[in-house]
Amino acid sequence: MTLVAELRSALDDHRVRDGRTELSLYRHDASAMEGAAVAVCFPISTAEVQSCVRIARRHGVPFVARGSGTGLAGGAVPPDGAVVISTTKLNHIVSVDVAARRAWVEPGVLNLDLSRAVAAHGLHFAPDPSSQQTCSIGGNVANNSGGPHCLAEGVTNAHVLALEVVLPDGNVAVLGGDDAEPSGYDLRGVFVGSEGMLGVATKVLVRLTPNPPAVCTMLMDFDTVEAGASTVSAVIAGGIVPAAMEMMDQLCLRAVEAYVHAGLPVDAAAALLIEVVGLPNGVAADTAAITEIATTHDVRTVRIAADEAERALLWKGRKSAFGAIARIKPNYYLHDTVVPRRRLPEVLKAIYDITLRHDLLVLNVFHAGDGNLHPLLVYDGREPGVLDRVHAAGEEIVRVSVEAGGVLSGEHGIGLEKRDLMPLMFSAVDLAAQEALRAAFDPDGVSNPGKVLPSPARCGDVMDAGRVARAVAEGAWI
Amino acid sequence: MTGVRAVVAPAGITWIEPAEMTASCGAGTTVAELEEALRQHGQCVAIPSSGSVGGALAVGRSGLRRLGYGPVRDALLQARYVSAAGELVKAGGPTVKNVSGFDLCRLLVGSRGTLGFLGDIILRTRPRPRFEQWFGGAVDPDEVLARLYRPTAALWDGASVWVLLEGDPGDIEQQIGPLGLTAVDGPPELPSGGRWSIAPGAYRSLRGRFVVELGVGIVHHEDPLPPRAVDPVIRDLHRRIKQQFDPTGRLNPGVDMFDG
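Same order as they appear, the protein sequences are chains A and B.
Under this note's numbering, the final residue of the first sequence carries the number 478; numbering is consecutive throughout.
Under this note's numbering, the final residue of the second sequence carries the number 260; numbering is consecutive throughout.
Source of the hints: derived by calculation from the structure; they are not laboratory data.
One thing to keep in mind: the hints can contain errors.
As the list claims (entries may be wrong) - Residues from chain B shown here face chain A by an in silico Cβ test under 10 Å; the list is partial:
#1 E20
#2 G42
#3 Q43
#4 P71
#5 R73
#6 V99
#7 P127
#8 A199
#9 R207
#10 G208
#11 R209
#12 E213
#13 G217
#14 P224
#15 L237
Ideal Cβ positions, reconstructed from N, Cα and C, are used throughout, including at glycine.
Let the sequences and hints guide you as you build the complete structure.
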């Protein structure tokens, strides 16, 4: 039997697609790097995922799990000839334990849908990527996703207790557990963030977080980016970890204000959106302390959301930033690096210098509280040669971040995008250890091969990074 | 044992960055020394306060504040460890947020020295609470979990409850008032026969003398930990990981990862 015929007999005719048009829809994720799958499967059970994995293996082709396809680093781009295992029909909340604050969910459940489903119990799922209306829990697991509110709560890994997975050899196992200290190595911990290379998650036990009794959302604006960034460091050093601490620079403020009309300070160099949550007195004390710290760092105005409507408006401004930039240029390339908070001013300055040198516009809207930069290069893809400049500037930004004591990615993952930049951060020996983990789970390299880890021949040869940039397709960079 | 050499990790604090909420030290540094240094900056680490930092990470067991502070595994950001081949390997990264590559720190925490020896490490720190107080009383544990907003610790011995609350004293007063809890000196003495791990919802089925960490599922019991079944698939995965990281079985030989 052919691969597709075998998949159809295991699943269902309608849930295995191999039409040319349909396959083309699965060539890429939210990046524009492309691959070519041979079939897309829509399993509805763990057993069906297991069948997909076993059949792919039998036919000697790789497989890749895919959630909502909102990833920005090419993690879900199918390796050529791969079977895509879509989790969109594995979209049920299996059980919710309100008292123990946890839920078993299938990987295709959307992030915001989960929070909405448990809202009546006063609970939510803490990781809140900007794509939370669209992205799936399985995708969050694969990328160890973050979001504005991960400053105080931690990223996805801190909110996943156990995973039922189909391993690359087709066996099913539960990693981690419902109990406090499962025995053995923390396999759950290494699976989260492994970008689909250690198997396919089929059920996820997530931790749910109680909704806070009190919330205070503040918008502060500054005459200089440095003053805003110094405020961030001073708040943390002062022993306060707000729920969120986001920064927008002037170009971003202007684009967003034209879009949402929230009364943003468009003449400021930078603004901070800070949210404090908890019990009422504690929130009031933190709000006062943060305001005082900002005052010593020359804050211009402090706007405190008077009600839920104003709070929602301020957050809408933050979360719609990526939509708003379409008013400036039709295309953008979003970067994701982390630097130590105290280095934010100098790295931001370097980013402005780099983009100026490459004649590009840059907007900065990012998770300042944890030093997670998101420089957004905006451009018009129809302009000849502009993509080369975008890529060159992007690589310089990554280098500057790592040289400042930072890391390659804070929440988008490595995927294909930064695979060949891994040697900026890791030696050949470090990378070999990561390869060893991969080999233990997937000795034959069938689960989403070609991502994250540069091939050994390429280790130490960062110059090759240009190769990936050139391989990236022209067109809309979402 | 003949042919076995004890290896000592470097000790000493390398740096503390209060504005990053990170600290770097040798794995041989005592938790007490690190805690004392962090106290100067109003910070602490979510690691149980006995022995060395490396030891605590290698064992991976959390302290009584896990409900509020999270598990030990979330505290380790970066480790440089000595591999079975004698090479120095870096795992993770120095920043509080990082998804660059596979997170080998996760594998190292709780691995009991079977995959590599921790050399120097970077930890996430957290602010010390401005105010904290233990409370106790004969209150229903479900009531406590449902009514209190994010206690740092909650314990139950089958009759009484102990909770640790942090934050603003006025907030705390309002929290405990309706529950009828009163201030106490600290947690109860913990039975030391065995450290059990249960689903946090299963504490009603406990028998004998015990103190359970509510909302977490750690049980300090008078009896040893009952044997736990291990899925053969999981056991095989462990064997393959050990084989990859320590093919000749040099590191901490004889340690069974499923024993206790």
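**Q.** Violating hint indices (sorted, rising)
**A.** 9, 10, 11, 14
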